[in-house]
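Q: Now for the letters of each chain:
Protein chains: 2
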Amino acid sequence: MIKFDFKTYVEPFIEKEEYQKLMSKKEDVMQQLQKSGMAGWTDRISNELLKEIKETAKQIKHQFDCMVVIGIGGSFLGSYAFDQMFKNYFENKNFEVIYAGTTLSSKYLDELLNYLKNKNFCIDVISKSGTTMETTITYKVLKDLLKRKYEEEELKKHIIVTTDKKEGILREEAEKEGYKTFEIPNNIGGRYSFITPAHLLPIALNYDLDDVIVGYYRGKRLTDQAYEYAVIRNLLFKKKKYIENFCVYEENMASFTEWLKQLFGETEGKKGVGIFPTSTIHTRDLHSLGQFIQEGNKILFETFIKVEKQEEYLEYEGTPLQEINNIVEDSVMKAHYSGGVPCLEIILQELDAETISTLIYFFQLAAAYSGFLFGINPFDQPGVEVYKKEVREALGKE
Amino acid sequence: MIKFDFKTYVEPFIEKEEYQKLMSKKEDVMQQLQKSGMAGWTDRISNELLKEIKETAKQIKHQFDCMVVIGIGGSFLGSYAFDQMFKNYFENKNFEVIYAGTTLSSKYLDELLNYLKNKNFCIDVISKSGTTMETTITYKVLKDLLKRKYEEEELKKHIIVTTDKKEGILREEAEKEGYKTFEIPNNIGGRYSFITPAHLLPIALNYDLDDVIVGYYRGKRLTDQAYEYAVIRNLLFKKKKYIENFCVYEENMASFTEWLKQLFGETEGKKGVGIFPTSTIHTRDLHSLGQFIQEGNKILFETFIKVEKQEEYLEYEGTPLQEINNIVEDSVMKAHYSGGVPCLEIILQELDAETISTLIYFFQLAAAYSGFLFGINPFDQPGVEVYKKEVREALGKE
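Chains as they are written, first to last, in this note's numbering: chain A, 3 to 400; chain B, 3 to 400.
The set of hints was computed from the structure by calculation and includes no laboratory data. Here the structure is a predicted model, which is why all the values come from computation and not from measurement. Don't take every hint at face value.
[To be verified] Covered stretches of chain B, as calculated for chain A (at least 3 residues, CB under 8 Å): (1) 258-271; (2) 313-320; (3) 324-333.
We put the beta carbon where it would ideally sit given N, CA and C, even for glycine.
This is chain A alone, in the form it adopts within the complex:
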């Protein structure tokens, strides 16, 4: 279902000895992951929980016009990526899921309030700690709107809380008010939380969770490939390839590259190291960043995510359009490689829920391995606290 080519346009950039040396550390790195206490995302999700998520999704679709997900970072990027990737470009044929809590824009929130005024909506507020500023503000603003619309007993039915099992202000409030709750386990960090209710509930509104689950755990078969990917990235970094550009050939996949940016950026960007993740949407961005990649500063390598077949079918002068798209992909790899840019390729047979879930597991595994290869903890993000401290001081709360 997923194939990899880490050789054709990469090999000359990699020294064999270095490669062998890192490859031989595999057992050690795998053990580090198992010992980390943060590998909950490699465990099976329980059937009871899956059933509960499906049941809740069914009720939401039955009772409401739309659901607003309030979450930021690891609390929304997974389900958002998934949701965007398969949608129709021009008509929303899905049950409507709105993402909020990702901005402090007055314009955004104001227009959201106007839009929701006459809708029968519910909210799913997602925060492990319960203290995320954007989440808190958005939740307050939307709860106020609900309060203006509904009496106390009815109000309760419109709020779902996804948070820590025991701790935090959101958990406290949910217990007190009797809101429906879901739990984010302690041994799964935000950017690795795809397989938790934080993402599975919004996804269940429009997709078959069974496909997601089957696909996700199929990722376990890609352990070797994930490790090799981590090794090659590490070696390219040592060759001063400081940027990884993820290339996709379908505009809807832009959201998936945003998920990738958090996964790798937040996992690796510590102690002065890490590969800076960026993305280009082709063929669009070949006409904007293509020049730089071909002839500019040689500090990057690329990872292409190719989709072999597409369901929709159009021809141009007798050639299927998807074939032209794929020919361009091959040509771009060849051209960029000739310009000194190593190109890795990940080939999906089809762009569907199952395959993408497999890919998500693969990338999570690769990111975790990569952290250990860099000698950093793949599961913390101490640097995010620095600006938050400044904000608290500026707002006079310290």
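Dock chain B against chain A, hints included.
A: For chain B alone, coordinates are given in the frame of chain A:
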């Protein structure tokens, strides 16, 4: 209307002597721009042309449900950025402009065809050369749809061609068929073409062109600031700050950062040099790339685009939301600076058509100056041809 701070979070990274040296080259660089033969975008657009664009826009709005812009790279990024930046997040209150020709996705084109089936639409096909592959394919597919819907005489009214004055296959076809045409001047390159009909016609459908024109040429007053910006970027590059991250605090401005990426990436990325342009949308991406910027590999600097006031007005616990957004911006600059990241700031009093047009002129000027400071031609893009040659060979057309 626009203020700049290139000092507070930058100065310690800049050596005074180097700075003075580059600053003293100003006259020389300005002369290079004037002598380039490609500075048509600094000249006044004629009143006759403006009138013609406005008149055409008025007719389009009167006759059609929507317009499809077919263009890629410099043929769409400017008007697209403009269009996205001011739109309502949840309800389209504008005359509908659809952007196509930016992808070879079968899914996108198939869904576009379905969407347009029952619409009374016109198309504006934009390509200087007339040979851009994505444009050609999309134009053919949409013209076929129009042909199925209309007789020859009616069909003509649905097509506008924006291309070279004399040359190319599109010009030829337009003259033969009697389509309405607009011209892209020879002394203006794609990424500098905001002030041409390529962008002004789509913009005129929803915005007052007079605001755009007034704002744009007001940019001439920012010559000194644009030059200083180019100088500082150049010095940061020499300090191995290889990535420029453009930060915006309004999700709608994401499209503007895409325009910036082409402008700087395609202008500078040559002969092994250039600053790689990337972007983060705050506060969203503080929860994804924030960790890396704070503590990861120190190869980047940031340019913040701040909006002081917003029309919409919401409060949180007595503080206007936009004030909180701005407090976060200041805190983030402080935090990232303390982590070794130089931060430049551009402050817009308001986010409106006039201000953004001024900013566009400013950035174009800075990009051109920057090219000359790097010792490269800011107006060509030879590297884009490399993959196109591969594509032609693969498609068996050579």
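Q: Each hint should be assessed against the structure and marked as holding or not.
A: Cross-check of the supplied hints:
Note: the region 258-271 of chain B has 7 residues with beta-carbon separation from chain A under 8 Å; the three-residue rule is met and the coverage holds. Residues of the region 313-320 of chain B lying with their CB closer than 8 Å to a CB of chain A number 5, which satisfies the three-residue condition for coverage. Check result for the region 324-333 of chain B against chain A: holds, 7 residues qualifying (beta carbon to beta carbon below 8 Å, three or more required).
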